[in-house]
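In the order they appear, the protein sequences are chains F and V.
Quick note: the first sequence uses the UniProt record's numbering, first residue 1, plus one each step.
Quick note: the second sequence uses the UniProt record's numbering, first residue 1, plus one each step.
Please note that a few of the clues may not be correct.
[Unchecked claim] Calculated cross-link-like contacts (lysine-lysine; reagent style DSSO-like; alpha-carbon spacing at most 30 angstroms):
#1 V:229 / V:62
#2 F:229 / V:15
#3 F:15 / F:229
#4 V:15 / V:62
#5 F:15 / F:62
#6 V:229 / F:62
Hint data in this document are derived by calculation from the structure and do not stem from the laboratory.
Protein chains: 2
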Amino acid sequence: MFSSDAADPTTVLTKSERTRAALRGIALRSFRERGYDATTIRLIAQEADVSVGTTHYHFASKNHLVQELYLDVQERHRDAAEPALAASTDLIDRLAIVYRTGLDQLTPFHAFAPEFLSAAVSPRSPINPLSPESAPALQVIEGLFREAVDGAAGAPLPDEFRASLPDALVLGHLLLALFWVYDRSPGQQRTRTLLDRGLRLLRLALPLTRLPLLRTPLRELLDLVASVKA
Amino acid sequence: MFSSDAADPTTVLTKSERTRAALRGIALRSFRERGYDATTIRLIAQEADVSVGTTHYHFASKNHLVQELYLDVQERHRDAAEPALAASTDLIDRLAIVYRTGLDQLTPFHAFAPEFLSAAVSPRSPINPLSPESAPALQVIEGLFREAVDGAAGAPLPDEFRASLPDALVLGHLLLALFWVYDRSPGQQRTRTLLDRGLRLLRLALPLTRLPLLRTPLRELLDLVASVKA
């Protein structure tokens, strides 16, 4: 199937690449429109008008296509966050941008979120967000939070806090997404409120890291949160 | 099948009750030994030497048997925690007792924890710990945390903190159990360490609730945590 009748070997490559891109596009649309459970390799092959074997050649399983979805969502997240980050140097405002644009990307999937969660939550699942298979997508979001922290001007937090902060923020993002799956309020407004309250609290707490009395408990708290993700 | 040959109607009831108890016992043992996925109504019926129909008469589905398991685990938890609670009036020590005896009850299930989590994590699942179906088991653990807080002598925390504390503590218990599912360290030692660090932090933070400067942010933090569970 991947031997071509064309003489030019670049044509061969291009055809395979085109097939792969078509399968990927159909799968991403299917996850958005049908969810996780109803999306099957067979259905994707059918809609791309190629064989199941060809589909498996490009994507060994449905979960490999979920990884494409994760990457797609995180790249859209980065594309939405970065222009907004360029406009602010306040740390809390920058974190608000990353968290809010992250929720925006999840929104279209809310109806299917429980089935994605069931499939992804097991530590043995290859589509668990913390699995080795999901590392490329997780790195995008880790990079975004590091960028949000590093690009803040006049950051009020001591260096000892700066190091574990991105890990703690990524864990916060995963827990916020977990809360969002359970959120039945219109437009998941409760999740937005929870985020706003969390950010307000962080704004109150960060200057306290300079008080000697509080430095130890706050440092403990941050280390505790960061250690959970590690 | 439920009409008896015996004349005495109490015999009928007793036989039905005995069948129910036998099915329940076999199911609880099966969940402990085989896990969630491999336990089926058919298998339980077979081992109890009754028909699948009889089994369904007593327990409409496998998930009804999981609710029996939840209750069994929480009642064992209460039985383990209460004698220890009687021996201490320090708030943090009392919380340590409830959290530690809770983890003790989970320990035998660790090998099967990922499959229980996958089945229970969806907000649509009837065995989700926060579902209406799971309310009786959740009430046992809520009662335990309330007891731990209310029975503490010379509690250092103002009344405004006392009210939302049990809800926040139950949420902490659920999140600790989530972390425990992911914990691959021998004997889930990392979960115990996380718990110890969390309790140490709580011991540092509680006296701070009396400082006017910190009362607002700490109250905010507690309300935030409690609002997640509500």
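Restraint check for residue 15 (chain F) with residue 229 (chain F), where alpha carbons must lie at most 30 angstroms apart: Violated: residue 15 (chain F) and residue 229 (chain F) sit about 41 angstroms apart, past 30 angstroms.
Pairwise hint evaluation, residue 62 (chain V) against residue 15 (chain V), where the allowed Cα distance is 30 angstroms at most: Roughly 22 angstroms between the alpha carbons, so the hint for residue 15 (chain V) and residue 62 (chain V) holds.
Hint consistency between residue 15 (chain F) and residue 62 (chain F) [alpha-carbon to alpha-carbon, up to 30 angstroms]: At roughly 22 angstroms apart (the allowed maximum being 30 angstroms), residue 62 (chain F) and residue 15 (chain F) satisfy the hint.
Satisfaction of hint between residue 62 (chain F) and residue 229 (chain V), Cα-Cα up to 30 angstroms: Not OK: residue 229 (chain V) and residue 62 (chain F) at ~33 angstroms, beyond 30 angstroms, violated.
Straight-line alpha-carbon gap residue 229 (chain F) to residue 15 (chain V), limit 30 angstroms: 52 angstroms, violated
Residue 229 (chain V) paired with residue 62 (chain V) [C-alpha distance capped at 30 angstroms]: 26 angstroms, holds
Of the numbered hints stated above, those contradicted by the structure are hints 2, 3, 6, listed in ascending order.
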